[in-house]
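All chains, full assembly: derive it from the sequences and hints.
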Amino acid sequence: MPVGKHTDPTIKLEIINKIRNQGMSVIDASTQYDVNAKTIYRWLKEGVMNSDRNLILENNKLKKELEQAYRLLGRATAEMQKSKN
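This note's numbering applies: residue -10 is where the sequence shown begins, and numbers increase by one.
Hints in this document: simulated from the structure, not taken from any laboratory. Every residue gets a Cβ at the ideal spot worked out from N, C-alpha and C, and that includes glycine. Among these hints, one or two may not hold up.
Calculated pairs, DSS-like style, for lysine-lysine (alpha carbon to alpha carbon, straight line, at most 25 Å) [unchecked claim]:
no.: 1; residue 1: K(-6); residue 2: K27
no.: 2; residue 1: K7; residue 2: K34
no.: 3; residue 1: K34; residue 2: K(-6)
no.: 4; residue 1: K(-6); residue 2: K7
no.: 5; residue 1: K27; residue 2: K1
no.: 6; residue 1: K71; residue 2: K52
no.: 7; residue 1: K1; residue 2: K53
Per label pair, the in silico range of CB-to-CB distance [to be verified]:
no.: 8; residue 1: P(-2); residue 2: K53; range: 28 to 36 Å
no.: 9; residue 1: E56; residue 2: P(-2); range: 53 to 61 Å
no.: 10; residue 1: H(-5); residue 2: L62; range: 34 to 42 Å
no.: 11; residue 1: A67; residue 2: S14; range: 32 to 40 Å
no.: 12; residue 1: K34; residue 2: Q11; range: 15 to 23 Å
no.: 13; residue 1: L2; residue 2: L55; range: 31 to 39 Å
no.: 14; residue 1: T66; residue 2: Y22; range: 56 to 64 Å
As structure tokens, then:
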């Protein structure tokens, strides 16, 4: 691939998919698609970092939802205790 040229995002996703899901090696993908292996390794690393960031954001969201559920459960339990007395 010529220096300074950008790879079509569709091709980029196809390469990443073949490596991650179909077992293609980075070297084979590099040769087949005429993309530098270092570039492919960078794409894979960026994908992992973005995935990690998304997991952290999702985890934080779920923690907040769980806290809200615990608060609601606590209130409901307290109200049930009041009605028993």
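CA of K7 to CA of K34, is that 25 Å or under? Between K7 and K34 the Cα gap is close to 15 Å, so the pair holds against 25 Å.
Note whether the CB distance of T66 and Y22 lies within 56 to 64 Å or breaks it. 59 Å, holds
Are K34 and K(-6) close enough, with their CA atoms no more than 25 Å apart? Given pair K34, K(-6) holds - Cα atoms ~20 Å apart, limit 25 Å.
Satisfaction of hint between K52 and K71, Cα-Cα up to 25 Å: Distance of about 29 Å is beyond 25 Å: violated.
Given the hinted pair K(-6) and K27, is their Cα-Cα distance within 25 Å? The given pair, whose Cα atoms are some 14 Å apart, holds under the 25 Å limit.
Range hint 31 to 39 Å (beta carbons of L2 and L55) holds or violated: 34 Å, holds
Hint consistency between K27 and K1 [alpha-carbon to alpha-carbon, up to 25 Å]: 13 Å, holds
That 15 to 23 Å hint for K34 and Q11 (C-beta), does it hold up? Between K34 and Q11, where Cβ atoms are some 19 Å apart, the hint holds.
Do A67 and S14 keep their Cβ atoms within the hinted range of 32 to 40 Å? At 60 Å between Cβs, range violated.
Given the hint that K(-6) pairs with K7, test it: the Cα-Cα distance must not exceed 25 Å. Holds, at about 22 Å.
Does the Cβ pair P(-2), K53 satisfy 28 to 36 Å? 33 Å, holds
Between the beta carbons of E56 and P(-2), is the distance compatible with 53 to 61 Å? Because 38 Å falls outside the window, the suggested range is violated.
In this structure, the hints that do not hold are numbers 6, 7, 9, 10, 11, in rising order.
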